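K.L.:
Each chain is listed here by its residues.
Protein chains: 2
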Amino acid sequence: MERKFILVVGAGRSSSSLISYLLAQAATYNWTVTVGDVSLEAAQRRVGKSPYGKAVQFNMDDHERSRNLIEASDVVISMMPAHLHPRVAEICLAEKRHLLTASYVSDEMKAFDSQAKANDLLFLNECGLDPGFDHMSAMLLIDRIKSKGGMLTSFESFTGGLIAPETDPENPWRYKFTWNPRNIVIAGQGTAKFLQEGNFEFIPYQQLFLRTTPVSVPGFGEYEGYANRDSLKYLETYGLKGIRTMLRGTLRNKGFCKTWNVLVQLGCCEDTYQMEGVANMTHAGFMDSFLDGRSSASSPEEKVMNLFNLSKGDDVMTKLRWSSLFSDEKIGLLTGTPAQILEHILNKRWNLAPGDKDFIVMWHRFVYEIGNTSKEIQAHLTVVGEDEVNTAMAKTVGLPLAISAKLLLEGKIKTRGVVIPVQRDIYIPVLEELSEHGITLIDREID
Amino acid sequence: MERKFILVVGAGRSSSSLISYLLAQAATYNWTVTVGDVSLEAAQRRVGKSPYGKAVQFNMDDHERSRNLIEASDVVISMMPAHLHPRVAEICLAEKRHLLTASYVSDEMKAFDSQAKANDLLFLNECGLDPGFDHMSAMLLIDRIKSKGGMLTSFESFTGGLIAPETDPENPWRYKFTWNPRNIVIAGQGTAKFLQEGNFEFIPYQQLFLRTTPVSVPGFGEYEGYANRDSLKYLETYGLKGIRTMLRGTLRNKGFCKTWNVLVQLGCCEDTYQMEGVANMTHAGFMDSFLDGRSSASSPEEKVMNLFNLSKGDDVMTKLRWSSLFSDEKIGLLTGTPAQILEHILNKRWNLAPGDKDFIVMWHRFVYEIGNTSKEIQAHLTVVGEDEVNTAMAKTVGLPLAISAKLLLEGKIKTRGVVIPVQRDIYIPVLEELSEHGITLIDREID
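Sequence lines, in order, name chains A and B.
Just so you know, we're using the numbering used here here: the first sequence kicks off at 491 and counts up by one.
Just so you know, we're using the numbering used here here: the second sequence kicks off at 491 and counts up by one.
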């Protein structure tokens with residue numbers, strides 16, 4: 491078997507399972523796995539002592555070195571921040587190398603489609619958990635419904651990266667950072683677009699965390715979802731033209747959104763300007779910057795209670811206090827935007843501690859018509875992490891990418907161009923192998 | 491007297507008084523006034539039959555023609571949309587021509603400072619009403635306070651372009667479009683930054699219209715102001731370092747902000763995406779796009795009442811109904827962003843009708859310490875428009891620019907570089923002549 495070279499760029503917290511899988515299979519498939527990161531140490535940590543792996547420094551700003559590393563590989567898997575993907579794609583195109591990412595297809599990425607096709611290259615994106623497994627598992631059920639002659643009238647899908655019930659039981663948010671904290675703090679900025687009962691609906695950031703959807707997962711509990719970006723663009727990709735409801739969203743534990751909304755309304759998640767006097771600022775001082783100085787209230791805590799009409803014992807106040815947002819602790823940054831400062835404060839308690847287990851919940855609802863009757867299928871996936879490094883998030887984001895890379899190198903994926911995993915030649919074998927790793931959607935007909 | 495050539499680019503609604511003034515003085519000062527606009531007809535309308543004026547087509551995309559017209563002038567006054575100013579400035583710099591605008595100094599504009607100075611050019615910006623007259627009148631009083639030995643501790647300033655009490659008495663908003671409607675619809679997006687009682691405060695868009703300041707103008711009535719962009723950047727420009735409160739804002743009639751806040755919260759002012767199905771959309775359908783389709787309410791009007799906890803007779807609902815936002819009337823656009831559609835709907839009733847008079851209100855409050863006592867000065871300016879063309883807005887925006895151009899051509903303004911009118915050699919003579927045109931600030935000590 492000819493030796494193949496895989497380059498993984500980005501060795502952050504979501505890369506652990508991806509790299510472990512590739513190294514574990516390297517002997518069988520005759521692979522060499524090169525892991526690059528701006529931090530050589532981070533890359534080394536992921537490679538460990540594996541004889542099949544190699545850690546290198548990888549910095550997009552060093553174009554020549556990036557080009558050489560990409561040229562030396564058969565396929566590139568990028569786990570770097572999404573805004574860097576088009577630059578990776580450009581080099582991949584020039585060097586005729588395949589590219590896999592777990593990120594949303596940007597307009598810049600989309601623009602590579604015809605060139606990628608012309609060069610017989612696969613630029614597979616949105617191939618992680620959400621986006622990724624959600625697409626694949628939804629397509630499987632959509633295809634099943636269609637093959638029975640059913641006509642889909644509604645599709646709703648929510649996914650969340652939470653913490654396991656036994657982890658951090660005193661944490662009232664039931665949440666910790668299990669992927670890029672920055673993306674969590676700025677999540678939802680822009681307008682969510684979706685289709686509901688035949689009408690286009692638009693939710694701006696300022697309403698997003700107020701307009702949630704209740705989600706009940708049998709055997710696990712009650713959650714709530716908020717709408718995610720542009721659901722409309724998947725109408726065509728999923729082949730769902732004519733459907734009346736189409737909504738993709740993010741899942742949180744019940745009560746999360748009401749508290750997060752307070753931070754959104756105050757402007758704590760803004761990322762467009764640098765705050766003043768950060769070096770000497772306390773957590774409470776940070777909050778106070780967003781509260782009316784003319785108020786008669788004696789503290790930021792009281793101001794928040796007055797502004798949002800909350801009692802001291804309200805669940806929202808409990809969560810904010812637990813995150814020490816009203817404490818006199820120094821922030822510990824010299825400069826920062828509100829979003830950067832909020833991320834830093836939240837991370838003091840939302841950082842996964844040794845032994846913490848994260849918890850992935852995905853939920854789909856399909857409504858379809860067959861003959862003259864309306865039917866409903868609900869489906870869910872739950873995955874519990876092993877520990878604070880081998881998280882369910884890293885596993886569910888990384889394995890779809892790793893398996894896709896393997897299938898591609900084996901010549902089993904024929905699709906080319908800038909795509910997402912909604913083609914059968916991708917999702918059928920990927921879902922099959924994911925199932926062997928305990929990542930399986932459970933579906934049931936609802937009466 | 492040597493003939494001088496003035497080029498005014500942009501012949502929109504705010505240009506009328508500016509151009510009338512220049513044409514009226516042209517004989518005395520031996521000027522030729524060229525008026526350029528993308529619409530030749532608009533330029534011709536402004537020039538009328540004046541023998542001193544010339545109307546031309548002016549389109550920034552025709553670079554060669556723009557360059558020729560700028561080269562043929564001694565000073566350029568740009569009334570075009572602010573984003574075009576840096577392109578005008580670039581040509582002015584190449585052709586060594588002075589430039590005057592009424593717009594905020596952008597970072598791009600600021601970057602021309604040293605080159606403008608090196609070429610002995612004045613790039614005067616923020617020289618209209620607000621920004622403009624507010625800077626000049628504030629500096630006059632700040633200088634007076636300082637010259638008496640007073641130390642300023644607080645400066646607040648609000649300006650609004652409203653409608654005269656006798657105009658459109660049944661209009662519950664007490665407001666119509668008197669300058670660029672687009673800027674009014676998207677006003678406040680971003681974060682307002684100011685200083686209050688020694689603390690930096692930040693108000694995001696979603697809180698802006700909820701955190702208003704009451705303003706009372708003797709003899710005129712009760713108003714409310716919302717914070718305007720970045721007040722902090724004027725700390726240095728005004729020479730106010732060490733001041734404890736610094737707030738610039740926009741003035742509206744009482745009750746305006748609470749209603750506008752409904753449109754902001756719903757996302758009707760977003761300008762980042764195209765809506766779907768605009769061609770067949772009604773006003774009510776537009777509103778419904780932002781409201782929860784799962785609601786049991788029977789109409790968008792009822793949904794708004796439920797969401798914001800308002801009764802049918804509430805003043806907010808009266809205003810929204812008056813603007814026909816819940817009507818079944820077709821919008822009359824084929825495509826548009828929410829902001830573009832909202833502007834179009836509002837303009838149906840907010841367009842100035844023949845005989846309508848607009849009304850400018852500016853209000854400053856200065857608190858200062860002298861010896862051991864704290865003193866306060868309040869000052870206000872009010873200007874009523876003549877009719878729907880010769881508006882108070884056009885007069886108060888245009889005359890400061892026109893007078894500045896005259897002083898510059900007479901050699902009476904020596905300041906060079908990218909500046910705003912906070913220098914005595916500009917604001918003293920400009921304020922003096924404005925006073926002759928009935929534009930005078932009235933100030934009084936408050937006990």
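It is possible that part of the hints are untrue.
Any copy will do: because identical chains look the same in the list, a pair fits if it lies in one copy or spans two.
[Stated by the list, open to error] Straight-line distance between alpha carbons at most 30 Å, and here's what the computed BS3-like set of lysine-lysine pairs gives: (1) Lys-802 - Lys-902; (2) Lys-748 - Lys-847; (3) Lys-723 - Lys-820; (4) Lys-838 - Lys-865; (5) Lys-731 - Lys-820; (6) Lys-748 - Lys-802; (7) Lys-731 - Lys-865; (8) Lys-586 - Lys-607; (9) Lys-607 - Lys-802; (10) Lys-544 - Lys-904; (11) Lys-638 - Lys-802; (12) Lys-820 - Lys-865; (13) Lys-586 - Lys-847; (14) Lys-744 - Lys-902; (15) Lys-539 - Lys-847; (16) Lys-904 - Lys-802; (17) Lys-494 - Lys-802.
Calculated from the structure, these hints are not laboratory results.
Owing to the predicted nature of the structure, the values given are computational and were not obtained by experimental measurement.
K.L.:
For which of the previously enumerated hints does the structure constitute a violation, in increasing order of number?
P.N.:
Violated hints (numbers, rising): 1, 4, 9, 11, 12, 13, 14, 16, 17; every other hint is consistent with the structure.
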